Amino acid sequence: EAGVTQFPSHSVIEKGQTVTLRCDPISGHDNLYWYRRVMGKEIKFLLHFVKESKQDESGMPNNRFLAERTGGTYSTLKVQPAELEDSGVYFCASSQESYRGWTDTQYFGPGTRLTVL
Amino acid sequence: QKEVEQDPGPLSVPEGAIVSLNCTYSNSAFQYFMWYRQYSRKGPELLMYTYSSGNKEDGRFTAQVDKSSKYISLFIRDSQPSDSATYLCAMSPSGGYQKVTFGTGTKLQVIP
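Protein chains in written order, with my numbering: chain A, 187 to 303; chain B, 179 to 290.
Derived from the structure by calculation, the hints contain no laboratory data.
A quick note: this is a predicted structure, and the numbers were derived from the prediction, not measured.
Any given hint could be a false lead.
To be verified - Straight line, CA to CA, 30 Å or less: simulated DSBU-like cross-link-like pairs of lysine-lysine:
no., chain 1, residue 1, chain 2, residue 2
1, B, K277, A, K240
2, A, K264, B, K220
3, A, K201, B, K220
4, B, K234, A, K240
5, B, K180, A, K230
6, B, K245, A, K227
7, A, K201, A, K264
8, A, K264, B, K234
9, B, K248, B, K220
10, B, K277, A, K237
11, B, K180, A, K240
12, B, K180, B, K245
13, B, K234, A, K230
14, B, K248, B, K180
15, B, K248, B, K285
16, A, K227, A, K240
17, A, K240, B, K285
18, A, K264, B, K245
19, A, K230, B, K277
20, B, K245, A, K230
21, B, K180, A, K227
22, A, K264, A, K237
23, A, K227, B, K285
24, B, K248, A, K237
25, A, K264, B, K180
26, B, K277, A, K227
27, B, K220, A, K237
28, A, K227, B, K248
29, A, K227, B, K220
30, A, K227, B, K234
Claimed, not checked - Simulated restraints, written as ranges between beta carbons of each label pair:
no., chain 1, residue 1, chain 2, residue 2, range
31, A, D290, B, K180, 24 to 30 Å
32, B, A195, A, N249, 46 to 52 Å
33, A, R250, B, K234, 37 to 43 Å
34, B, Q258, A, Q203, 40 to 46 Å
35, B, Q258, A, E243, 36 to 42 Å
36, A, K201, B, N205, 22 to 28 Å
All C-beta atoms in this analysis are idealised placements derived from N, C-alpha and C, irrespective of residue type, glycine included.
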């Protein structure tokens with residue numbers, strides 16, 4: 187079974203440009219999460235999809251970030267326009283189902299390393 | 179103040195040593211406590227999780243949670259060079275979905 191895949195693995199762009207990151211979750215996983223790790227800091231939650239709906243987007247830093255999950259399959263995270271502080275590693279994770287009081291394993295992808303110059 | 183504090187290390191130990199990794203937290207709402215292992219250029223991989231206080235053992239790994247002290251630990255017995263990685267503690271509140279809060283991670287090197 188394929189794991190969570192992310193594309194590209196590394197992106198270098200200039201300040202002001204647009205970048206779109208893609209995440210393909212494990213097949214059948216309804217939950218999809220985006221996280222970000224800025225250099226020297228902890229991995230931080232950005233948002234959570236349940237199928238195609240945004241369940242929680244409290245971690246999105248500002249309106250330059252737009253996440254979509256059309257059809258409840260893969261997801262994209264667009265940064266427009268990119269700023270220097272957006273540099274970091276963006277992780278995607280997926281899990282099967284969530285029930286109240288139960289945690290499902292979140293499987294992480296390898297991450298996309300974004301460098302904004 | 180960060181919700182989760184973790185010593186970044188690095189921690190260097192000889193092969194066969196017992197390793198102790200720790201985190202403290204401030205949010206009383208956390209109910210699920212996890213340890214992830216991350217190899218270089220890879221995503222975090224869930225090692226173990228525990229619910230509420232207590233111990234959990236899985237092979238050479240033991241996770242401990244002390245909610246009264248807001249303190250969690252991961253012990254690795256008979257450490258191996260293949261255990262060299264960054265270990266991340268993580269926590270989440272109970273509920274229908276799991277927004278995970280991570281520590282910064284401790285880099286461990288096991289020397290043959």
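Which hints, by number, does the structure contradict? Numbers 4, 8, 17, 18, 24, 36 - these are the hints that the structure violates, sorted from lowest upward.
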